[in-house]
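Start from chain F and add chain B according to the hints.
Protein sequence lines, in the order shown, are assigned to chains F and B. So the mapping is simple: the working numbering equals the position in the first sequence, first residue as 1, plus 342. So the mapping is simple: the working numbering equals the position in the second sequence, first residue as 1, plus 7.
Derived from the structure by calculation, the hints contain no laboratory data. Remember, predicted model here, so these are calculated numbers, not experimental data. Keep in mind that a hint or two might mislead.
[As the list claims (entries may be wrong)] Every beta carbon over 12 Å from chain F, so not counted as near; a handful from chain B, in silico:
no.	residue
1	Asp57
2	Leu226
3	Arg276
4	Asn355
[Claimed, not checked] Anything over 12 Å on all C-beta distances counts as not near chain F; from chain B, calculated:
no.	residue
5	Asp84
6	Thr95
7	Ala120
8	Pro122
9	Arg140
10	Glu231
11	Glu232
12	Gly285
13	Asn334
14	Pro377
[To be verified] These stretches of chain B come out as covered by chain F in the derived footprint (C-beta under 8 Å, 3 or more residues):
no.	region
15	258 to 264
16	308 to 322
The C-beta atom is built at its ideal place from N, Cα and C for all residues, glycine as well.
So you can see what is in the structure, the chains are spelled out below.
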Amino acid sequence: MKVLVAEDDDTLGGDLERLLRARGDIVRLSGNGNDVLFLGETEDWDAIVLDLGLPGLDGLSILREWRSRNVAAPVLILSARDSWNDIVSGLRSGADDYLSKPFHSEELLARLEALVRRASGRGTPSINVGDLSVLPDEKAAFFKGRGVSLTAFEFRALEHLARHAGSVVSRADLIEHIYAEDMDLQSNVIDVLVSRLRRKTSAGMVETVRGHGYRIPVDDA
Amino acid sequence: MTHNWATIPRRVSIATIAICCAILGIGAMICIQVYRAHEIGEMDLLLGQDLLIEARRIAYDGARAEILQSVGQSPYDLTSEQWFWQLTRDGSDEILIQSPSLGPVTAESRVLAVPEAGGNFVIPGGDVLRGKRAAFPGAEPDEALTFRIAAPLMHVTEEIRRAGKLIALIFFGLAMLVSVSVYITVNRGLVPLKRLSKSVKAMRKSDTIIDDQKWPPDLVPVVEELRELHWRNGTIIEKHRRKNAELAHGLKTPLAALARVAEELEGDRGEQITDLVGRMTGVIKRNLSRARTERPYGKSSPVHASAEDVTFALGITFRNRMPGIENSIDAGTIFWGEEADIQEILGNLLENACLWAKSRVRISVATPEPGMFTLSVEDDGPGMGTGKSEVPARKDGNDEPEGHGLGLLIVQDIAELYGGSVNIGTSSLGGARVSVTLPGQIEAYRKSGTRPLKGNLRRTN
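In isolation and in its complexed conformation, chain F is listed as follows:
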């Protein structure tokens, strides 16, 4: 899962980054309002954790700007402002959830997962596509009922493809959702990863759509 964390407090921001990375998410931390606005508009995020009191541009303005420009990523406001007026303003501005500080890590993670699940139209914690089941919370995948042993990168790739089952996912999109920005990648790294996934599940699990990317086919029957 690729998450943008907008938090200007270094301690809390670093802590959130570690918390989300520990469960295998790709995390981008930013503490400046203008940077956060830009990142939200220019990249595809599975979820955004947004603080309201950001320097440069406040969180509510960023959120309104995103929604006016059709940025659809689910947004969870994580703010010290906990009056009902702030909560109503945040949710009316387009946020999908509101959590006030201080918070419990489990609650934050559960709400984030629920947000992503709702955004992808799933009602259950697991992603089921044909014989494949992916459990993001448990970082586990099953094919035809058997557990599939995956590395962290393989799991992220399979999870991202499964979340967008039936749709083509570009190589660039896959790279963004699997690897951190600062990683030095070889050009065939995605091809190798997809090959491994096919080997561990089935050859037809991930299709190559030439010139566009990859897709997990959905059996309409």
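Only chain B this time, still in chain F's reference frame:
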């Protein structure tokens, strides 16, 4: 307590009219007295002239006195009138002759009791006469005579009474005219003051400032000062709110980081820190809520819209666990205060109700007295139970209640700030009923005199 009659124009009018009436009353009395003195003087003058005329008609030779001739119809000749004169010899007070109106002199004849210097006297029968007397030499050198003349005072007093009535009527008419003039002048003169009073009232009820129309020079400093106070009040509240928000951010973000550290600590220490963080958060929330709530002037907020907003937010928070919320708040319900404050009240009450409700929550309003409305939130949950039927007692220091109690205390703080109150009871739905009385009005209720209409039955899933 104020009365309508105690307004400045009425006070000034009543005082001025009273003073004018008193002055006119005194004036009327002086006029009547002056007229009376004039009439008495006129009568004395008349008596003096009559005395000389009547005295010349008498012939006296030392033994006998007689009336020489009668001059037409003299009132002193008529017995039906009380116009009298007498000629007496000094020393023996022997009546030598008297006017025909007194009849012939007999042994029973009495000397008229005319005072030495003239004036009023009473005759047998009770009538008051006014008399005059003059001394004349007798026929002998050692003889001295006194001529007394008297006339009834009744004619003069009647005249004075008639004139008095006329004077009183004239002065009463003047008093009425003065009263009307004073009332009109005072009311007209105090129009700018009434306008200022209306502007200040409007300022309290809506977010307007005193209009920029032409004010009299003596009111300009007052208007400018009120505008300055209004602006300053708004600025200070806004500044406090901003500072409080900064304080909230400044304290709660490190607390959030601390809570994260505590979660990673193993054993009791982590739990202790988590507990402390929770308590500190409660204290901050309560005190920030108190601090950011300032009773503002000139704010009015629609209650129905705030309830819709809070219900929308709760729908997102509670999702599938959201009970059905029956919003019976009339669309014309206005809270005379900040929108943020009514949202805080509704948010805390509805969140508590949604937490405890089985399936139903009801919001309604009523008008207990003019200028106030009561907002009630009910649920079909277990109710407050014994010991929770009152708002939790206030506690000082760090020992602040959390959760349900904290929300109610925040509601109570805001209600008290606006001069309102909080009441807790049992709902007909079976659960708790929390009623908050606040300043405001239900416009539809006030205009039609009917109870507010029921709103939509909404259920958010």
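Inset, instruction - List, from low to high, the hint numbers that the structure doesn't satisfy. - result: Hints 4, 12 are the ones this structure does not satisfy, whereas the remaining hints hold.
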